[in-house]
Amino acid sequence: MYHILHKEQLAEKVFLMKIQAPLIAQERRAGQFVIIQPDTDFGERIPLTIADADVTAGTITLIFQAVGKTTTDLSAMQTGDPVANVLGPLGNPTHIANFGHVVCVAGGIGAAPMFPIAQALKQAGNSLTLIIGARSRELVILEERMRSIADNLIICTDDGSYGRKALVTEPLEELCSGADKPDKVFAIGPPVMMKFCAATTKPYQVPTMVSLNTIMVDGTGMCGGCRVTVNGETRFTCVDGPEFDGHQVDFENMLARLGSYRPQEQDALHKCRISV
Amino acid sequence: KQRLAIPQQEMPAQDPGQRRTNMSEVALGYFEEQALVEAERCLQCKNAPCVAGCPVAIDIPGFIQKITERDYAAAHQIINRTSLLPAVCGRVCPQENQCQAPCTVGKSLKDTFQSVSIGRLERFVADWHAHHRHKNSVDAATKRTEPPAATGKKVGIIGSGPASITAAADLRRAGHEVTMFEAFHKPGGVMMYGIPEFRLPKEIVETEIDDLRRMGVEIRTNFLVGRTRKLTDLLELDGFDALFIGSGAGLPRFMHIEGENLVGVFAANEFLTRSNLMKAYDTSRADTPIRQARKVAVLGGGNVAMDAARTAVRLGAEEVHVIYRRTRTEMPARAEEVDHAEEEGVRFHFLHNPTRIIGDDTSHVCGIELLRHELGEPDDSGRRRPIPVPGSEHLMEVDTVIVSIGNSSNPLLVSSTPGLKTNRWGNIEVDEQCRTSLPKVYAGGDIVLGAATVILAMGQGREAAAAIHADLQ
Ligand SMILES: Cc1cc2nc3c(=O)[nH]c(=O)nc-3n(C[C@H](O)[C@H](O)[C@H](O)COP(=O)(O)OP(=O)(O)OC[C@H]3O[C@@H](n4cnc5c(N)ncnc54)[C@H](O)[C@@H]3O)c2cc1C
Ligand SMILES: Cc1cc2nc3c(=O)[nH]c(=O)nc-3n(C[C@H](O)[C@H](O)[C@H](O)COP(=O)(O)OP(=O)(O)OC[C@H]3O[C@@H](n4cnc5c(N)ncnc54)[C@H](O)[C@@H]3O)c2cc1C
Ligand code: SF4
Ligand code: SF4
Ligand code: FES
Ligand SMILES: [Mg+2]
Chain A
1 MYHILHKEQL
11 AEKVFLMKIQ
21 APLIAQERRA
31 GQFVIIQPDT
41 DFGERIPLTI
51 ADADVTAGTI
61 TLIFQAVGKT
71 TTDLSAMQTG
81 DPVANVLGPL
91 GNPTHIANFG
101 HVVCVAGGIG
111 AAPMFPIAQA
121 LKQAGNSLTL
131 IIGARSRELV
141 ILEERMRSIA
151 DNLIICTDDG
161 SYGRKALVTE
171 PLEELCSGAD
181 KPDKVFAIGP
191 PVMMKFCAAT
201 TKPYQVPTMV
211 SLNTIMVDGT
221 GMCGGCRVTV
231 NGETRFTCVD
241 GPEFDGHQVD
251 FENMLARLGS
261 YRPQEQDALH
271 KCRISV
Chain B
277 KQRLAIPQQE
287 MPAQDPGQRR
297 TNMSEVALGY
307 FEEQALVEAE
317 RCLQCKNAPC
327 VAGCPVAIDI
337 PGFIQKITER
347 DYAAAHQIIN
357 RTSLLPAVCG
367 RVCPQENQCQ
377 APCTVGKSLK
387 DTFQSVSIGR
397 LERFVADWHA
407 HHRHKNSVDA
417 ATKRTEPPAA
427 TGKKVGIIGS
437 GPASITAAAD
447 LRRAGHEVTM
457 FEAFHKPGGV
467 MMYGIPEFRL
477 PKEIVETEID
487 DLRRMGVEIR
497 TNFLVGRTRK
507 LTDLLELDGF
517 DALFIGSGAG
527 LPRFMHIEGE
537 NLVGVFAANE
547 FLTRSNLMKA
557 YDTSRADTPI
567 RQARKVAVLG
577 GGNVAMDAAR
587 TAVRLGAEEV
597 HVIYRRTRTE
607 MPARAEEVDH
617 AEEEGVRFHF
627 LHNPTRIIGD
637 DTSHVCGIEL
647 LRHELGEPDD
657 SGRRRPIPVP
667 GSEHLMEVDT
677 VIVSIGNSSN
687 PLLVSSTPGL
697 KTNRWGNIEV
707 DEQCRTSLPK
717 VYAGGDIVLG
727 AATVILAMGQ
737 GREAAAAIHA
747 DLQ
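Same order as they appear, the protein sequences are chains A and B.
Residue numbering for the first sequence follows the working numbering, starting at 1 and increasing by one per position.
Residue numbering for the second sequence follows the working numbering, starting at 277 and increasing by one per position.
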């Protein structure tokens, strides 16, 4: 069993949990994720990025948004409750090096997976520009922690309630065309955001990594459900990714595949709302 | 001669119309009277050709003789000497290619399918044992719970399929401390996530796993060796004296044709895992969704394809089409499963091969293009090679495609373990005793054989356990 040792709400429908998982805490590196399943018999397996870990305490930190049945169930669990299954760390760690000037773009809940990557990049000596995008002020998460590692922090909101009223691609474009052109870009967030970030950097030929959030079941390369088309080839996000060259990802196909179970998911969420 | 006149006993089975709508087991098992009659059909051949056909050489005439004496406990003991999983093998072994192929009765009647029903008898004995084990004083399982004096050696088992279960049981019985590591949340391997409930009830697999626990095998689920911990760390840091790799062949093959990543195209592994392991067929309770397919094309002709097709039927598909490149005689699936699939309304399209999958403007599958084939000259394997008929392309309207052309070995463990030698298909190379190129590391089952069978995996688990035990002395 993997007990929840700490739970807090960061924003509307956004939760942070520390879960006891000493082995995973020890092995994990920036960019990796776990698959968790709240209940063994009928629960669903869902991937969540390891946002942080404490080796001494033997805990991993997960930050997630309640968007459907499983994440909503999870958000209802309390400190002390056991999560039935946690498997990890999965996926390849982010390739960290001193690239020079790195821009990290985090959209919405993407700030959670971005934090450990940005932190590692900073430690590797990069000059770090962080762009955080959210719908509105209330949904900006991890601002203080991001500020503590960024050389330059840019916040954008869709409604202008905080920071710039802009999409993240606006400052990204300015940076690419400016004097301090980035040597590398990392973008994590909703697939549409990653798609447009990749499209923005492409004309400037700035290498851009995106972290894909495809549908997964096992996370070990067995089911093939997480496959994406990269540079015309089929790759498995769970074992070949989750990060890929954003300029080569077929986002249209990925977006379509993310919708594979939408009718069933809406049904499940509806039922779950009725029962709460 | 008299015995040859006894008719083969039919396996009682759920009515096809009814079983299309449930996940319960299709073949119901012999009644005692039937088992007694079927056992009488065995000629007790001196040379027992059937034994040579069984990969683990079960004393077939021996256990059948005990059935005729109604001493089912003794029959079970005989089987248990060589096979640990008779309830499983009696159900899923391709008997017509193994023990029943050389059977004298089948040969005399000039029909393999008229051989003594060895598998069904084996299942009868195993099921009898399962029902009577608590009362049974000579219960093999009870004996299993009392391992000999501890040797003080620690052995790690990677994976929990039939190869691993067998290796773990044998090593524990020999007195070693045994820990099993399984990536999934439930142990059992393909028997748990791949083979459906209607062919192999999960309760049977769970009983085997419970037996292992009772024997003192520690089972650690949610543990992916190579990621949660490196294989070399298990040896160097965690003090394991030997490791057995039974990680199976869990990498789905695709056809590499156009449209394979459209919405509605699945690897059989995904479709079956959602249904079996995640219980997605139980829509009122399970949180894991599964495709509500209407018209399905299943690509392939093996057990995996049959399981996918029959699962689709049970999930309510109106039409399920199996597309296979060769003819019925070449299908690698067990004959019984093909017959059952047909009875359940699955339609077969032999000598057809898909050329591309077609999507609508929302990237959802709406059809598949097939090319007809004809049989040409025999190839190296002696089978007549299917040759495409130019211009014979035609469309089949489907909303779901399940790619079931088999599995290769998953590269994760090998790629994270330097020095572990594999062949060109990615299978781990071993010597006769299942030793790999790394000291203290052994391997067996599908990761060595390529996608094979439960009984072969079991046999290798046994082989490896013997070698480990010997090497640890
Ligand atoms: C590598 C990776 C890391 C992720 N990290 C995070 C994270 O740190 N924080 C976070 O909030 N979210 C993260 N996600 C997304 C998260 O897994 C989904 O939000 C979650 O699965 C939704 O489940 P649900 O039942 O609550 O919602 P549902 O209503 O069932 O699904 C909502 C949407 O999420 C996607 N989804 C559904 N099932 C799965 C599944 N089994 N696996 C993946 N996606 C699915 C689909 O696009 C679906 O339409 C990550 C995804 C991946 C692949
Ligand atoms: C759908 C289907 C139907 C089949 N039908 C039949 C049939 O009718 N008759 C028959 O004889 N055979 C059948 N087979 C084949 C048979 O199931 C396999 O040959 C057999 O299960 C192989 O056993 P194994 O012990 O090698 O590994 P598997 O049963 O494949 O088990 C391997 C286990 O190891 C785990 N694992 C993998 N890597 C790691 C790791 N790094 N760390 C921890 N755990 C890991 C996996 O999660 C899995 O649970 C079928 C196979 C499939 C897929
Ligand atoms: S284990 Fe399989 S091959 Fe051997 S006797 Fe039993 S059914 Fe036949
Ligand atoms: S070959 Fe057939 S008849 Fe002869 S011993 Fe074996 S099962 Fe009996
Ligand atoms: S999640 Fe199953 S192969 Fe990636
Ligand atoms: Mg869900």
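Please keep in mind that the hints were generated in silico from the structure rather than gathered at the bench.
Here the structure is a predicted model, which is why all the values come from computation and not from measurement.
Take the hints with a grain of salt, since some may be wrong.
Examples of chain B residues lying across from chain A (beta carbon under 7 Å, computed) [stated by the list, open to error]:
(1) Thr344
(2) Pro528
(3) Asn537
Beta carbons: idealized from backbone N, C-alpha and C, even for Gly.
Checklist entry - Can you give the numbers of the hints that this structure goes against, from lowest to highest? => result Result: hint 1 breaks, nothing else.
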